[in-house]
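Novice: Sequence:
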Amino acid sequence: VRAGETAMLHSDHIAVSRMEPPQLEQRLAWTSGQIQFRGETLEYAVEEFNRYNRRQLRLADASLAALRVDGTFNATDPHSFATALAGTFGLRVEAAQTDAIVLRPR
Numbered sequence: 008v009r010a011g012e013t014a015m016l017h018s019d020h021i022a023v024s025r026m027e028p029p030q031l032e033q034r035l036a037w038t039s040g041q042i043q044f045r046g047e048t049l050e051y052a053v054e055e056f057n058r059y060n061r062r063q064l065r066l067a068d069a070s071l072a073a074l075r076v077d078g079t080f081n082a083t084d085p086h087s088f089a090t091a092l093a094g095t096f097g098l099r100v101e102a103a104q105t106d107a108i109v110l111r112p113r
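When we follow the numbering used here, the leftmost residue of the sequence shown carries the number 8, and every step to the right adds one.
Mixed in with the good hints, there may be bad ones.
[What the hints assert, rightly or not] Between beta-carbon pairs, the in silico distance windows are: (1) G94 with I21: 41 to 47 Å; (2) R113 with N81: 23 to 29 Å; (3) T105 with E32: 32 to 38 Å; (4) Q104 with L31: 32 to 38 Å; (5) S24 with T105: 40 to 46 Å; (6) I21 with G97: 44 to 50 Å; (7) R25 with S87: 31 to 37 Å; (8) Q41 with S70: 25 to 31 Å; (9) A73 with H17: 25 to 31 Å.
By construction, these hints were calculated from the structure, which means they are not laboratory data.
Ideal placement from N, C-alpha and C gives every residue a C-beta, glycine not left out.
Hey, can you work out the whole structure from these sequences and the hints?
Specialist: Below you can see the structure in the form of structure tokens.
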């Protein structure tokens, strides 16, 4: 594998493909404690945040899952991410629970 390439190991082969710099930056953001989204669904973004945090994000309404998210966020600060979502999408953030942050439509 050369610089700018990625390798995926499958059960019967290895697939090597070229990655453009923005894709590579997004994939490697975790190495500096960041998560980058480029139009991914909120459902995916919540799953990514929950991988890094004990305090889990929850969507109170399934209709929120399809919202699209862009930006770079601190991987270990789900509350700031939730606050940014509230400002962007007009959501309500309920952070009273110590183990969860719930996102609700207004």
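Novice: For the hint 32 to 38 Å, verify it against the beta carbon of T105 and that of E32.
Specialist: 34 Å, holds
Novice: Just tell me: holds or violated, for the beta carbon distance of A73 and H17 against 25 to 31 Å?
Specialist: Roughly 30 Å apart at Cβ, these two residues keep to the hinted range, so it holds.
Novice: Using the Cβ atoms, figure out if G94 sits within 41 to 47 Å of I21.
Specialist: Hint holds: Cβ distance 43 Å, inside 41 to 47 Å.
Novice: Regarding S24 and T105, is the given constraint of 40 to 46 Å on their beta-carbon distance met?
Specialist: Once the Cβ atoms are compared, 42 Å apart, the range 40 to 46 Å for T105 and S24 holds.
Novice: Has the hinted range 23 to 29 Å been met by the Cβ atoms of R113 and N81?
Specialist: Given range 23 to 29 Å: holds, Cβ gap about 25 Å.
Novice: So the hint says 32 to 38 Å: do the beta-carbon atoms of Q104 and L31 match that?
Specialist: 37 Å, holds
Novice: At the C-beta level, are I21 and G97 separated by a distance inside 44 to 50 Å?
Specialist: Holds - the Cβ-Cβ distance for I21 and G97, about 45 Å, lies within 44 to 50 Å.
Novice: For the pair Q41 and S70, does the Cβ-Cβ distance stay inside 25 to 31 Å?
Specialist: 28 Å, holds
Novice: Is 31 to 37 Å right for how far apart the beta carbons of R25 and S87 are?
Specialist: 34 Å, holds
Violated hints: none; the structure is consistent with every hint.
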